[in-house]
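Chains as they are written, first to last, in my numbering: chain S, 1 to 473; chain U, 1 to 639; chain F, 1 to 501; chain X, 1 to 105.
These are calculated hints, taken from the structure and not from any lab test.
Quantities reported herein were computed from a predicted structural model and do not represent experimental measurements.
A hint or two may mislead.
To be verified - DSBU-like cross-link-like pairs, simulated, lysine-lysine; straight-line CA separation at most 35 Å:
{"#": "1", "chain 1": "S", "residue 1": "397", "chain 2": "F", "residue 2": "276"}
{"#": "2", "chain 1": "S", "residue 1": "264", "chain 2": "X", "residue 2": "60"}
{"#": "3", "chain 1": "F", "residue 1": "204", "chain 2": "S", "residue 2": "397"}
{"#": "4", "chain 1": "F", "residue 1": "25", "chain 2": "S", "residue 2": "363"}
{"#": "5", "chain 1": "F", "residue 1": "65", "chain 2": "S", "residue 2": "397"}
{"#": "6", "chain 1": "S", "residue 1": "428", "chain 2": "F", "residue 2": "301"}
{"#": "7", "chain 1": "U", "residue 1": "82", "chain 2": "F", "residue 2": "276"}
{"#": "8", "chain 1": "U", "residue 1": "544", "chain 2": "U", "residue 2": "559"}
{"#": "9", "chain 1": "U", "residue 1": "121", "chain 2": "F", "residue 2": "456"}
{"#": "10", "chain 1": "S", "residue 1": "348", "chain 2": "S", "residue 2": "363"}
{"#": "11", "chain 1": "S", "residue 1": "422", "chain 2": "F", "residue 2": "301"}
{"#": "12", "chain 1": "U", "residue 1": "31", "chain 2": "U", "residue 2": "395"}
{"#": "13", "chain 1": "F", "residue 1": "25", "chain 2": "S", "residue 2": "422"}
{"#": "14", "chain 1": "S", "residue 1": "150", "chain 2": "X", "residue 2": "104"}
{"#": "15", "chain 1": "U", "residue 1": "618", "chain 2": "S", "residue 2": "264"}
{"#": "16", "chain 1": "F", "residue 1": "301", "chain 2": "U", "residue 2": "121"}
{"#": "17", "chain 1": "S", "residue 1": "264", "chain 2": "F", "residue 2": "71"}
{"#": "18", "chain 1": "S", "residue 1": "150", "chain 2": "S", "residue 2": "348"}
{"#": "19", "chain 1": "U", "residue 1": "54", "chain 2": "U", "residue 2": "506"}
{"#": "20", "chain 1": "S", "residue 1": "397", "chain 2": "F", "residue 2": "71"}
{"#": "21", "chain 1": "U", "residue 1": "435", "chain 2": "U", "residue 2": "506"}
{"#": "22", "chain 1": "S", "residue 1": "422", "chain 2": "S", "residue 2": "435"}
{"#": "23", "chain 1": "X", "residue 1": "104", "chain 2": "S", "residue 2": "102"}
{"#": "24", "chain 1": "F", "residue 1": "371", "chain 2": "U", "residue 2": "27"}
{"#": "25", "chain 1": "U", "residue 1": "170", "chain 2": "U", "residue 2": "554"}
{"#": "26", "chain 1": "U", "residue 1": "118", "chain 2": "U", "residue 2": "27"}
{"#": "27", "chain 1": "F", "residue 1": "456", "chain 2": "U", "residue 2": "31"}
{"#": "28", "chain 1": "F", "residue 1": "204", "chain 2": "F", "residue 2": "276"}
{"#": "29", "chain 1": "U", "residue 1": "435", "chain 2": "U", "residue 2": "68"}
{"#": "30", "chain 1": "F", "residue 1": "371", "chain 2": "U", "residue 2": "571"}
{"#": "31", "chain 1": "S", "residue 1": "150", "chain 2": "S", "residue 2": "422"}
{"#": "32", "chain 1": "F", "residue 1": "22", "chain 2": "S", "residue 2": "363"}
{"#": "33", "chain 1": "X", "residue 1": "60", "chain 2": "S", "residue 2": "192"}
{"#": "34", "chain 1": "S", "residue 1": "348", "chain 2": "U", "residue 2": "618"}
{"#": "35", "chain 1": "U", "residue 1": "29", "chain 2": "U", "residue 2": "170"}
{"#": "36", "chain 1": "S", "residue 1": "435", "chain 2": "F", "residue 2": "25"}
{"#": "37", "chain 1": "U", "residue 1": "554", "chain 2": "U", "residue 2": "544"}
{"#": "38", "chain 1": "S", "residue 1": "102", "chain 2": "U", "residue 2": "618"}
This is what each chain is made of:
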Amino acid sequence: MSLENFLIMRQELLMVAVVLILLMAEIFISQENRKHISTFSVVLFSLVTIAGFFPSPSGSLFGGMYIASGTTTIMKNVLNIGILLVIIQSITWLRKIENSEKVSEYYILLISTAIGMNYMISAGHFLMFYIGIELATIPVAALAAFDRMKNKSAEAGIKLILSSAFSSGILLYGLSIIYGTTGTLYFSEVSKLFTSNSLQTLGFIFFFSGMAFKISIVPFHLWTADVYEGSPINITSYLSVISKGAAVFVLVIILFTVFTAIVKTWQSTIYVVSVLTMTVANLFAIRQQNLKRFLAFSSISQAGYILLGVIGGNELGMASIIYYILVYVFSNLGAFGVVTAISNQSGKENMDDYNGLYHTNPKLSLIMTLALFSLAGIPPVAGFFGKFFLFTAAAQKGFYLLVLIAVLNTIISLFYYLLVVKAMFINKSDSPIEKFRSDFPTRLALGICIAGLVITGFASVIFDAIRNLSFGI
Amino acid sequence: MTNFGYTIWIPLLPFLMFLLLGLAGNKLKAKLSGLLGTAGLAVITILSYFTAYKYFFGGENAEEGFQKIQAFNTVWLNLTDKLHIDLGILLDPISVMMLVVITTVSLMVHIYSLGYMKGEKGFERFFAFLSLFSFSMLGLVVATNIFQMYIFWELVGVSSFLLIGFYYTKPSAVRASKKAFIVTRFADLGFLIGILILSFNTKTFDFITLTDPSGPAFSQSTSAAFMGLSVMTWSMIFIFMGGVGKSAMFPFHVWLPDAMEGPTPVSALIHAATMVVAGVYLVARMFPIFSLTAPVALHVVAYVGAFSSLFAAIIACTQTDIKRVLAYSTMSQIGYMMLALGVSGYGGHEGLGYMASMFHLFTHAMFKALLFLGAGAIIHAVHSNDMTDMGGLRKYLPITHMTFLIACLTIAGIPPLSGFFSKDEILAAALHSNKLLFAVEYLVAGLTAFYMFRLYFSIFWGKDTHYHHTPHEAPFTMTIPLMILAVGSIVTGFIPFNELVTSDGKPFESELELMVAIPSVLVALFGIGFAYLLYFKTNGLPDKVAGFFKYGYKWAYNKFYIDEVYIFVTKQVIFRYISTPIAWFDRHVVDATMNLIASTTQNVSFRIRDFQSGQIQKYAFVFITGAVMLAILFIYFLN
Amino acid sequence: MDILSLFVVIPVLTITAILFLKDMKQVRVVSAIGMGVQLVLAAVLIYMYLTARHSGNTDEMLFVKDYIWYKSLNIHYAIGVDGISVAMIGLTSIVVIAGIFASWEVEYLRREFFISLILLATGVFGFFISIDLFTMFLFYELAVIPMYLLIGIWGTGPKEYSAMKLTLMLMGGSALLLLGLLGIYFNSAPGGGQLTFNILEISKITIPIAAQRIFFPLTFVGFGVLGALFPFHTWSPDGHASAPTAVSMLHAGVLMKLGGYGAFRVAIFLMPEAAKELSWIFIILTATSVVYGAFGAIVQKDLKYINAYSSVSHCGLVLFAILMMNKTAMNGAVLQMISHGLMTALFFALIGMIYGRTHTRLISEMGGLMKVIPFLSVCYVIAGLASLGLPGLSGFVAEMTIFVGAFQHPEPFYRGVTILAVSSIVITAVYILRVVAILLLGPTTNDHFTHLPDAKWYEKISVVTLIGAVAAIGLAPLWLSNMIGISLQPIVTKILAITPF
Amino acid sequence: MSAGIPVQYFLILATVMFFAGVYGFLTRRNLITILMSVELILNSVNINFLAFNRYLYPHKMEGMFFSIFVIAVAACEAAVAIAIIINIYRRFTTINVEDVNEMKF
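Could you build the full structure based on these sequences and the hints that come with them?
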């Protein structure tokens, strides 16, 4: 493997290296040094993240099974930022006594999934894609069941693994049909041979269902809420941001490059499911009391909005999706960060528990508010820009009705986001969450999120850079 | 012609006085502010007289008659390219005449109020409001354009509102002021609509342009029509509606009697002499248009005037509150003026009615102010408004008595007092135009004499009432204005109006028509005699007469139940049948729809929760169903 | 730094300063100083604007600054003002400073209160200086969202419900608006070329009429929700009733004007063809607003509800006039925005002050306050008179300009509807006088009220500022009207190009 | 793989297996059985791949490879799933899927 090849695949390889280093460390490190594993992982992963930003060659490896381009690099970078934030946020939780034995395990599993995601983003062949997607899913199931002592965690794990296995089955069945009708699994060749006959459409629909499962699009979303609620919070945030983001990226790439022959079909499909997703998720979110579950439904509805970027099949759409995922990383991790901090401190996860939070923990409340506003698309935080660009992308292709449905849905979503704001600022509580000071990792992660929320919006460079690397059909 | 620029101070000075007294009034001593206000008014009275002298006798008018002079004009607000609201001063015979009337009466009232309002709480406020009123009224009469007139029209309305409600802790005064404002406001709506229609068709507000017989108003006369009447007719009728409201003509008269809740000097100034004749002035101001392009509207003016004068005169015969009697009498007299305008033609002797109307306006201002101020002096002495509480006051109030008598004789039309001359001209004009109206006015003349002397006899003669406090004559500040106005009532009849104030500015010959004058005096004397019989001494006759008319009396006593109609319309129709349903509709339909959307959302949200059953197999079922449905949809339907 | 950006920068700086203050007492002082500077700046701006115009500068917008922001979408941070925006900025700075003084005694979470208030103001100022649709929309939403907290935290009554309703409905409006803006954007270069959000550039082209027919209603209704367009006005009574004084002032006084301004500057200016075609629908709706709001106000029992319905009526008049699409009526609309902004702020300030003393807003529980608190009562009467259109106060100027302008419409239908709208002046008089009579006049009904203190100094500042502005416009409207009129010329020219009147 | 058997037979077999798997997944109550149903689905996919490869595109091996990978991944999946099922049994003392139902709505 030449240096060139290494550079093309550097992010994956570096991550593999990190995983290996951590495995070694797990074996050789002394008991008292174990508590530094977290810091060590953070440092290592930040190096990986930073490395991703250096300019690097594009190209393909393994006979076209692996493709790296500017677009995939920036997608990976966005995800890496998110993963880094999750890793930082996890530190406090991992310091708990019951987790002390499993710290490096946690990081190994987490980074393994990241490797899977990177491979699936860079896939040029359905086999690579399949391996990537499974690598990105199976460890997460283990992570979801990480809290061995909690019923809910185990339940989340089983629900995730079974559902994802089922969905993989469906997806594979779709792939097998595609293979049967085209005789190849290379993206580039499939796209040439793909027509819009019924069998292929069926194959596409099955494939799409499998992907929709990962992104948690209605009606393939039902696992989401339960798994999110049951998993440890950091895993929930990982699932809601990183897994989803990676799946969206892959979907976009595949739709834009492979299924170009049936654009009309997949546009209609996405039209239907995005309306369903936004509406149903919002309707469910209204009633939620558990914040994790609440954010789960919120993230489902966000997926619905994201599909607006997909539907146009245009360059702007891809740019706005990448941008939106970046914003979404900051906003959702900001919100989850606050939930994590409070949960770590007090074990409380319900909305009622947040009553009067502003009076005891004003900073956390403000961060939460900004994050929620960003999710709702309220200026001046970046979510506003992100949503605007998504809608612009859909409108560019004339999907005005869909945009209308989406914006009406944002009102519903604003309603439930405001419920949280109301709880924190307006409601009174007899037993508010105690005033506390978060530890450094939490503050660092939240600080990055807030900075990201503000900067990503106003610094147009970021969007313009993404735009330059995007492509349409 | 240009050296009338100083007239700008005539309206401006009272305005400054208003600002001074209004903003700093409570810092000044009460007496000082009263004096300041009065002094300011004295200055403009002099200015007005000077202007009148200069205008009428300055020799500037040549053979072509009195010109309209725009002494000052400035754009206040630009509306369209052609329409702009100006503020300015227009001098022509009627505006100059009005200046004299207003400043004279206003000055008298100011002086009178120094005594009458002495010691009242809010003395300086009173004078501030008076100044505001003077400003508005002067601004109204000198208006160069109809919109300026409307502006000041509204301002006099509000000053009237403020002054009627001067005793703001008294609920009846509050009610009265509210009523006055709203009723006139409704009429003003008509005025405004009239202005809109007029300006839309003529593209100008300017009086000089409007009333120019070769101007745009006249070329428009037959252009468009609506319901059989030309637009100009409609606009004139609407504009006249404003006049009806302000001049308390039927059916918008209801506010005037109630307005007597205000302090008596206010009634004298606003509700007798000046503001209420604004409607007449308005018609006079627009007279060429009325006369030449909208004769139908002019007929409306005549009939409304005639009906109101009769209507009011009948009611006046039955009322016992002296100020209300005077109020109805005012209404009746204004009806006269309206009628006179309504029957008048344009130019030369044809314009007799116009001249007569202005003449009567002038004399009426004098004697009606006198009557009100006299009534004020009586109320001041007796502390009651009701004539049944009075009687035999001539002994206690000699000056008031004499001046009151003069005023009564004047209004009754006894020669050689001024009322005789002006009323005679009106009757003559009516005779030449419309016999029916003429007959009505004869009747009203008799009724007028009757109710005025009913008032006079019941107050100053009649029973010897026992008073708690011996009534005493008012102070000089009050009696001097009475005497001045009495003189005015006597002499103003000799002013040659036919040479000064005519419809086209040119003088014309007019002489006393004995055929009209003698019977009218006889009718008046008959009325006086009848009143003498009934009220000179206490006897049972009035009740018998009342019994004779029975229902008629009852209806008249209750003012023909017009108030009740109004209350029905406002309380029942507007409040109960329009506003309450609208408010209900807003809350329970419009708002409820919005809330329904929200609650439906919540409801649906609750209904669909079973989808999320927690059963992984059900999830998978939905999953596979969804996939299959999508497949079916796209393979069989949308492919 | 150009003068216009200062209007956004100063509030932001003020907020930053407040954030770092230790002493709570200083918060209001700093706010007052910040907004005072803003007021001075507004005066300077007006002066500069007039000077520039005087010296023959006939550009459509003055002080234009254009910084590219999102290059790929051609989004700019573009600012500029014409006479209308200058006037609105003046209005805003007056109302904001009055609002600051009116909320001098907010105790609970004072720092947060003033921050939210100024944040709201930032949005409003930003909105008025923007000439880029994106920036405009951004500031629009920025102005709306603090309302939730302001009402929810510092409000009274069913505040959470009202705040939620208000926010959601306004956001609903902005949702439609967003769609409209996107539609405009994608049709901004019908002949090919660079799409743009810049109002001035879009105004030079004609958006295809088919697109206009879709996006004009969206944009107009979107702004109309904020302008209390019937039937989307129901957030207004509840919202105003629950909001704290200064918030009601700012909201009714300034924020609702965003609706009118936007409807004018975006919907009508950019899509005049569709506006002309569809105006009859909205004319009916707005005329309904005018009359309906006024009738609705008559029977209300709560002072704030009365004023809220009255705002519906008056703001309806703004949209009504805009739709008449001639220079005079539009001029009147802008004047009405300013006038209504000032006097409704005045009303809400006074209502807040009265409520602060009597602890009730039900008129039936009050009476004869004139004797007890003469200063506030007289001011209330003045506000009432302004509201019912007394000459010499601003309401008259605005309403008359609207009526005369609207009546110049060539089609009889529009003139007929105008007469309907004109009739609202009577209804207005009815409810205003009803309140004045019950609330202020008559004997003092409640013994508890006999010793109420009259206005404090800061309350006087707040009220007198507003009255001064109301009277100034009412007495000498010409310069303002001309300033607006000149700026209306481009749009009038554009409309005339469609069908000459 | 006798040449006498047409490809359709394989495909029908695969389809039947697929739906049997789906049916099993939806109806079995035992978590292990459910896992087995998933394996059934995956194996149906494998048959598909192999049949397609062998009959339609015999000169390339993509289908073969793919099925090998699927088998491998399925094994991993099963490993993790069974680990979690064991944990479920510890926590819930049952592996009846209907009882693993703490979170819903």
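Does the alpha-carbon distance linking residue 25 of chain F and residue 422 of chain S stay inside the 35 Å limit? Holds: residue 25 of chain F and residue 422 of chain S sit about 26 Å apart, inside 35 Å.
Holds or violated: residue 204 of chain F and residue 397 of chain S, Cα atoms, limit 35 Å. holds, 24 Å
Could you grab the alpha-carbon distance between residue 428 of chain S and residue 301 of chain F and see if it respects the 35 Å cut-off? holds, 30 Å
Take a quick look at whether residue 456 of chain F and residue 31 of chain U sit within 35 Å of each other, Cα to Cα. holds, 29 Å
What's the verdict on residue 618 of chain U and residue 264 of chain S, does the C-alpha distance respect the 35 Å limit or exceed it? holds, 31 Å
Is residue 397 of chain S within 35 Å of residue 276 of chain F, Cα to Cα? holds, 28 Å
Please work out if residue 150 of chain S and residue 422 of chain S have their alpha carbons no farther apart than 35 Å. holds, 31 Å
Does the alpha-carbon distance linking residue 118 of chain U and residue 27 of chain U stay inside the 35 Å limit? Since the Cα atoms of residue 118 of chain U and residue 27 of chain U sit roughly 17 Å apart, the hinted pair holds (cutoff 35 Å).
Assess, step by step, whether the Cα of residue 264 of chain S is no farther than 35 Å from the Cα of residue 71 of chain F, and give holds or violated. With a Cα-Cα distance of about 30 Å, the restraint between residue 264 of chain S and residue 71 of chain F holds, given a limit of 35 Å.
Holds or violated: residue 422 of chain S with residue 301 of chain F, Cα cutoff 35 Å? Satisfied, since the Cα-Cα distance of roughly 29 Å is no more than 35 Å.
So if I understand the rule, the pair passes when the alpha-carbon distance is 35 Å or less; does residue 554 of chain U with residue 544 of chain U pass? holds, 13 Å
Could you grab the alpha-carbon distance between residue 435 of chain S and residue 25 of chain F and see if it respects the 35 Å cut-off? Given that 35 Å is the threshold and the Cα spacing comes to 24 Å, the pair holds.
Of the hints listed earlier, there is not a single one the structure fails to meet.
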